[in-house]
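Q: Chains as they are written, first to last, in my numbering: chain A, 81 to 487; chain B, 81 to 487.
Calculated directly from the structure, the hints in this document are not laboratory data. On a predicted model such as this, the values are computed, not experimentally measured, just so you know. A couple of the hints might just be wrong.
Since copy identity is lost for identical chains, a pair holds within one copy or between any two.
What the hints assert, rightly or not - SDA-like, lysine to any residue: derived pairs with alpha carbons at most 20 Å apart:
hint : residue 1 : residue 2
1    : K420      : S255
2    : K188      : Q125
3    : K153      : Q125
4    : K420      : E174
5    : K352      : G169
6    : K110      : E284
Protein chains: 2
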Amino acid sequence: MERSPLAPATFPNLPAIDGVTLRVARAHYKDWDRCDLTYVELTEQTAVAGVFTRNICCSTEVEMGRESAAGGKARALVVNAGNSNAFTGFRGREAVEQIRGQIAAHLKCAPSEIFVSSTGVIGVPLPRDKAQAGVAAALTTAPCNWQTAAETIGTTDTFAKGATASAMIGDTRISLSAIIKGSGMIAPDMATMLGYIFTDAAIEPVLLQHMLSEANRRSFSCITVDSDTSTSDTVLAFATGKAGNAPLASMDDPGADAFQAALTDICLQLAKLVVRDGEGASKFIEIEVTGAVSDESARRIGLSIANSPLVKTAIAGEDANWGRVVMAVGKAGEPADRDKLAIRFADKWVAQSGLAVDSYDEAPVAAHLKGRDIRVGVDIGLGDGRATVWTCDLTHGYISINADYRS
Amino acid sequence: MERSPLAPATFPNLPAIDGVTLRVARAHYKDWDRCDLTYVELTEQTAVAGVFTRNICCSTEVEMGRESAAGGKARALVVNAGNSNAFTGFRGREAVEQIRGQIAAHLKCAPSEIFVSSTGVIGVPLPRDKAQAGVAAALTTAPCNWQTAAETIGTTDTFAKGATASAMIGDTRISLSAIIKGSGMIAPDMATMLGYIFTDAAIEPVLLQHMLSEANRRSFSCITVDSDTSTSDTVLAFATGKAGNAPLASMDDPGADAFQAALTDICLQLAKLVVRDGEGASKFIEIEVTGAVSDESARRIGLSIANSPLVKTAIAGEDANWGRVVMAVGKAGEPADRDKLAIRFADKWVAQSGLAVDSYDEAPVAAHLKGRDIRVGVDIGLGDGRATVWTCDLTHGYISINADYRS
Chain A
81 MERSPLAPAT
91 FPNLPAIDGV
101 TLRVARAHYK
111 DWDRCDLTYV
121 ELTEQTAVAG
131 VFTRNICCST
141 EVEMGRESAA
151 GGKARALVVN
161 AGNSNAFTGF
171 RGREAVEQIR
181 GQIAAHLKCA
191 PSEIFVSSTG
201 VIGVPLPRDK
211 AQAGVAAALT
221 TAPCNWQTAA
231 ETIGTTDTFA
241 KGATASAMIG
251 DTRISLSAII
261 KGSGMIAPDM
271 ATMLGYIFTD
281 AAIEPVLLQH
291 MLSEANRRSF
301 SCITVDSDTS
311 TSDTVLAFAT
321 GKAGNAPLAS
331 MDDPGADAFQ
341 AALTDICLQL
351 AKLVVRDGEG
361 ASKFIEIEVT
371 GAVSDESARR
381 IGLSIANSPL
391 VKTAIAGEDA
401 NWGRVVMAVG
411 KAGEPADRDK
421 LAIRFADKWV
431 AQSGLAVDSY
441 DEAPVAAHLK
451 GRDIRVGVDI
461 GLGDGRATVW
471 TCDLTHGYIS
481 INADYRS
Chain B
81 MERSPLAPAT
91 FPNLPAIDGV
101 TLRVARAHYK
111 DWDRCDLTYV
121 ELTEQTAVAG
131 VFTRNICCST
141 EVEMGRESAA
151 GGKARALVVN
161 AGNSNAFTGF
171 RGREAVEQIR
181 GQIAAHLKCA
191 PSEIFVSSTG
201 VIGVPLPRDK
211 AQAGVAAALT
221 TAPCNWQTAA
231 ETIGTTDTFA
241 KGATASAMIG
251 DTRISLSAII
261 KGSGMIAPDM
271 ATMLGYIFTD
281 AAIEPVLLQH
291 MLSEANRRSF
301 SCITVDSDTS
311 TSDTVLAFAT
321 GKAGNAPLAS
331 MDDPGADAFQ
341 AALTDICLQL
351 AKLVVRDGEG
361 ASKFIEIEVT
371 GAVSDESARR
381 IGLSIANSPL
391 VKTAIAGEDA
401 NWGRVVMAVG
411 KAGEPADRDK
421 LAIRFADKWV
431 AQSGLAVDSY
441 DEAPVAAHLK
451 GRDIRVGVDI
461 GLGDGRATVW
471 TCDLTHGYIS
481 INADYRS
């Protein structure tokens, strides 16, 4: 698959996180010549928090991960690429339990401290023999770097995705490094967005969960490629505590705000990278909604626009078809008043108070639409609610990836 | 535009409806050489009922039509093709009021008895001079047949769409004839599904509205092409009363059930015709959901599947990718239990009780998917709720129509 035209030029320079060791191996889940099993060993007492898909038909991995994250402690993460193990019933559960048991015996810890994710085709049980051999190989191989791990968790991804951030907690600088895979809320047949954030900060699991949920609300919950919510979406944050800061236990602790800001920042970076690898994407679209009755209402309106095939195809065609934005606002099911609505591309208002602006000059708008990064603004005119969401355009590439080839 | 491969071979033979006269004219709303204004004159005392888009940013035509339908009486219908007049503020309203005034003066009736629809690009006020000349021409030209009227209300439609039904009310046979336009819940830039049903039955407006709403719930509310809800969707039913049946005033009246069945039948015919003209469609897809907690829940699950780009591209690619159906059930936001879910293509079950059937043989499923008419079945396993929805596949044709050409 050709590298997305929206990809960053290079993989960023991610700092090592004390207490985190990365390894990859070949489990041969598919008939391919690449590593497809990622093993991350975490120091004892690593805190963990997670957010997971709300798809009711979620995978065993998601169910077990949600249970384990509630425990707050993690010793290892395994990511299988090439098979999502979703909708595989008791067979899928047995495969995950086997992996957890194998690693727990090696680390002498509880199986519930082992987190497993799988990404790939839905409906095929993860082969237990391949998983066992892959895990055995990973436990004995030499550690690798972030980029290799980011490549190994990928499936239809066209580039490896990583991000970093840092914050001061008291006098201690803490670091965050993260990797993610996905070409949308769902990558077809590959059914997953998986993201992993690692930090050396010391932080209580309950607070980490609170902060991750808050960061998720403003990042992963604000992106869409194709409106299809995966059965396996998972974002996990691991905190090893090795930085030596005074442990964070409450949002009132010094440094908690700084850590929240860094965590939200790294989640936003990851979320935007997924959109930039959206299937068939040729343009990155930022939609800013203001004047809604609440922030949540603004987010829903933004996603209604971002999920509209007609808006997405119009932008793909570099067509300043703002009537389709009007339509998408109106169908969102959120409070709006047609005659107060205003719409802009970049900073150029094209419609205000429910009709086209009198002086509308399409030339600067058309020029903006020829670029790679498109900005759409909508003011609802009713309140102070605001949100920004991100998506990509809908092109022939999406159809080719999802319809032209049999899975 | 090439005729849809899913189009019926010919336009059906629609009976004339006593009390209904059709005429068409050229208003030149766009730079095209075709009739684009349809005028339907209705006998005095014609009852009317309507269902309209729930898009908050609806057109003036929809607002005024909703008000007028509440009055229950109609004398004429005007349909403008090539301009939806939506999101045009006071200018749009003035244009509609002018048309109603012009015809009301001619017919010596109240302007509120004149129904106006417009379909086409959003955001451009309907030109009043062209509308006036077009209406004047239509008032004096010779009557035309149903097919000509069906062609004249069309925009991006690739074929004219009509349907008929009949029922016995007491000893009287009543007829229904109907026309519709649209290539989906929205036809891009053309922003409209417009449907008109005419009958010679005598029926009270309140009962007609009740019956139309019921028919709509099982027909137009169960189709989708691209999940984008138009600003102008309108379906109107007109009853001239010329058949001479004992007027229907209640569902308990003899013949009311028969009329409801005929009305629902004709609405279903129309709804399926719109799907068969879905933009870029190459396959007609029927999705039957059973075992949901309620009929409404079944309908929502069905539409979640029907709106999933990944399901629609899989079917376009003739790929029996039932994992995507699982995903779409799970994201619907309705009660479901992964481990009770069963999925079939045509009559072949591919998954049951939350995993693939042991004896799964893809050959008959693959053969079914090569056809034009695809049937997907989903059993939720929780209750007695059921619904059937209809959609089409998502192909390169949709992208080409909506992205490759500037509007």
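Q: Are the hints correct? Go through all of them and say.
A: Now for the hints, and whether the structure bears them out:
In the homo-oligomer, the alpha carbons of K420 and S255 never lie at most 20 Å apart, since the shortest distance is 45 Å inside one protomer and 45 Å across protomers. In this assembly of identical chains, K188 and Q125 lie within 20 Å of each other by CA distance solely inside one copy; the values are 13 Å within and 86 Å between copies. In this homomeric assembly, K153 and Q125 come within 20 Å of each other (Cα to Cα) only inside a single copy, at 6 Å, whereas the closest approach across copies is 75 Å. Taking the shortest alpha-carbon separations for K420 and E174, only the inter-copy value of 19 Å comes in at or below 20 Å, while the best intra-copy value is 56 Å.
Within a single copy, K352 and G169 get their C-alpha atoms no closer than 33 Å, and across copies no closer than 37 Å, so neither meets the 20 Å cut-off. Neither within a single protomer nor between protomers do K110 and E284 lie at most 20 Å apart by alpha-carbon distance, with minima of 39 Å and 66 Å respectively.
Comparing the model with each numbered hint stated earlier shows that hints 1, 5, 6 do not hold.
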